[in-house]
Amino acid sequence: MRRATCSRRPAGRSCPRIDGTLLTHTGLFVTNMGLGSDMYRQQILDHYKNPRNYGELEDPDFTHVGENPSCGDTIQMQVALDDAGETIKAVRFTGDGCAISMASASMLSERLHGMSIEELDALDTDDITEMLGVDISPMRVKCAVLGRQVAQDGSKIHRDELDPDDRTKTEE
Amino acid sequence: MAGKIHRVTSGRKYYNRPTRLSNRLTVRTTIYIRIRLPDTGNTYRTEGVLVLGTQIRVMGVQEQYPFDVEAVRADFPILDRLVGGDPESPGEGPGDDTPLVYLDSAATSQTPDPVVDTIVDYYRGYNANVHRGIHQLSQEASVAYEEAHDTVADFIGASGREEIVFTKNTTEAMNLVAYAWGLEELGPGDNVVLSQMEHHASLVTWQQIGKRTGADVRFIEVTDEGRLDMEHAAELIDDDTQMVSVVHVSNTLGTINPISELADLAHDHDAYVFADGAQSVPTRPVDVDDLGVDFLAFSGHKMCGPTGIGALYGREEILDEVQPYLYGGDMIRRVSFTDSTWEDLPWKFEAGTPSIAQGIAFAAAIEYLEEIGMQNVQAHEDLLAEYAYDELTDLGGVEIYGPPGNDRGGLVAFNVEGVHAHDLSSILNDYGVAIRAGDHCTQPLHDELGVAASARASFYLYNTVEEIDALVEAVGEARDLFA
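Chains as they are written, first to last, in the working numbering: chain S, 3 to 174; chain X, 4 to 486.
Just chain X, with the same shape it has in the complex:
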């Protein structure tokens, strides 16, 4: 098999026992090598033998690399733009010559051409309000918008559109359940169990609902390694627990939380489980039955979709019982001056004209991801997270929060000794590297970590190992500048 070795992308830290072959010290290990064949352009992953002090010898191609990252990047023209430099003279002037290295997908992902095209096609071809017109445009828009719910349902293993309510984002989905279910059902003596690593979307929402209803809000502690203390969880979840609301993948620590284990604990005490899937649904296969959750929330804009659209999954028998949260058009069946009855699920929770183009484009984003395969997206993220974790650790002077590199979601939050996160982000911006700096909407967790802010690099299917090299290089420059 002829091909040029692109580069070793991972594995150098995971040697098996060194053995001597001929007169060289060799280490057999599973190293991921990306090989690109000039004729087909396909990339492959393989096992190799590392001969210390020389080059890698490829033993043979074992499996195809998950997908062709370069081909994916071609769907995201924004990744080609240049950034940095003088805002007074935009364009390719002095300073505006730095290739963008976009490492902020946990905040919002970029949008591929097929999704943008879907939005354009809607506005150019069949823009009309849904559910209220007999004319052809309204019919086409209604069918596409409704079918988008089916696509989302299939994607997470829900039984059908009845279980998928489109919302503005994850936060609104949280608030929907908190207001529609929480305000009605919770009271003094009840409790809601969260974790210390909750995003404000869940933390603030349940905290305030707790204040209004008198329900106790409890927090599962985070261990020094950044994992949930499951013994503490078992202590907190009791017969008065009505809801366990926990983030699936932490947007700060990268921790992948054992949601199904928590679901078992909660269900043993007849409590509901709500998983915040904002960081997990975009990056790995998620199945609501496997997780055993009653509710799941996620956002379109973190998974190649547009802003302004997200989804709440809720088990049908629960959603059936819950009263609407917003009243108005589109969600009613029959209205008199004195009373109203509600439309079927999910429409009874989607009052008013919804985000139609965004909903349809959300489905297009899911189709885009499914074509690549969520297993493959996860494999790529795992590889990048591990590489970034290792490289930043090797750099020195960098404190990384959360579990080790081989057991985390595709993000790394860190601080550089002596450099404030905002200064770091400003300097990285000058090198074209876009990261997030701040508290990432987890202020109480940062209080626990003892820092005011952190820098966070997050990865997605279009990111490359070379981009992480650029990150690490720039972090090193910042560290040296402040040394």
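So here's chain S without its partners, still in its complex pose:
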């Protein structure tokens, strides 16, 4: 075995190797928190386990669903606007998917409250990353931005700026 560390013991412990040498343990699984684990900081896990604004509105101005078929992540966003139709009054979402997509939709639902339609249109990937407060690995960006895309596309369909038959997805 050429693994430099052994994962089974806490840091500082030593264990004999087959070649007669001793290996000092680094506590690999405690100290080595790189990108992947970093993505799952407490805030993300909290929103995943306790999603905010989860459910359906009684009288939404628009409802839109998006799906990333290869992941199976599905999100429905419902938005109610003020009387002028310019400001977001209430948001509810439902969905099924990974922690990143669900936490992102949950956090977005809070952020959208009181936001104007123009501001919703202007939300980009950086805004979502900033909102999440963690680095998202390139392969997972599609998960993080699905909720935003659903809200934006739903709003555009509501304004007749997008064909309702165009399906919303954020993966290639």
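Since the hints were made in silico from the structure, they are not lab data.
The beta-carbon is built from N, C-alpha and C at its ideal position, and this holds for glycine as well.
Not one of these hints is a red herring.
Just a few of them, taken from the derived set where beta-carbon distance is under 10 Å, the chain X residues facing chain S: (1) His423; (2) Asp426; (3) Gln446; (4) His449; (5) Leu484.
Derived Cβ-Cβ restraints for the label pairs, each shown as a range: (6) S/Glu163 - X/Glu264: 54 to 64 Å; (7) X/Gly217 - S/Asp123: 47 to 57 Å; (8) S/Asp48 - X/Glu264: 48 to 58 Å; (9) X/Ala486 - S/Thr89: 36 to 46 Å.
Given the structure of chain S, go ahead and fit chain X onto it with the hints provided.
Just chain X now, with coordinates in the frame of chain S:
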């Protein structure tokens, strides 16, 4: 026999009756113990007596361990690399310090040095087009490329190169038969029988050919234990069945399907049998006569070879009758403005300049595997699959799909309660553990299982028990993180 016990690798669940020897409770069982002798470096497998609460006593070396895994690993330098961490600062910076644990060989296997060397030798020494030059380089390349077909034929017990068509991969081999044979021969009233555990390579291909020809496409159901319902198979396969196309080893469930039994059923009704060997040919001895198949497809990149090369085996008398699927250079004998005649088998199915380096390296990969022995590769895979199955089961909160650990191919697909497969894979990646997460190109099967995705760890000849320990540890961390 002096030696240090490396570790017990399997067997602890398969106790025979406990008996009392002296004052300790002992259990005699066949436990696989890997012993490495310092002088020769050889590893051995043996039987031992497990004395509960103490250590294992080795009763004596019975047989040599299939092969020296450490020596094999030395042929795969990629297994030494470190992964994880910050993409902004590649290298051995913070985070990039995790040894790679590669458990995704069912997607693509790693490539040993002798195979890489074969590719380099070709491009440096005799790179030339095949079948169309008199000069020495073309002759050398042609001979090596043609002989690669012989090597593949021998490997699976085919009668010769006439029965081996090189393709891009398993998928292309499926499509070759579906287009060249299926579109011509199938029609309304005919049916093609598949299984519910087909890879999309076979499922989508026959589904679409069915739509175009009007042939019915039927699916043998999968039992709760992840096996084919053979009674259902016997109901589905009838006199209108023209083709039975079934995966040999499931890439999701790990199920080893009874291909020869299906072949008997099919042949009773004069139907052909096509086995998808993408997961079986790389991992166990496969003989087309033993299986009784008419067609077999497999990919080089899942068996230590390069990407871009795979093979279709077809019985010569069938391939003789089937018209070419691709037209062009290299596959013709005589061409006029109005007509053409075809080259002999297998070349009539290999139009255009083929993947020459890849074909030659495919043969090198097979020679590499044969040196280890496919029986030994299978024995090692069996051991790892069983160990992984047991350890993941013991961990708790893990749902594993497919048959039990002692009766499956070298892969384990699973889900952890409360953790999406993509989240699991992201977290495992941080621990250097590379697994596949998704639908593994078996979406309808996942629909049947009632899950959108699963995580899959798959093993090959270079994997170790310690790597499975790392997998299980990381899965446990992920489970706890989400608890």
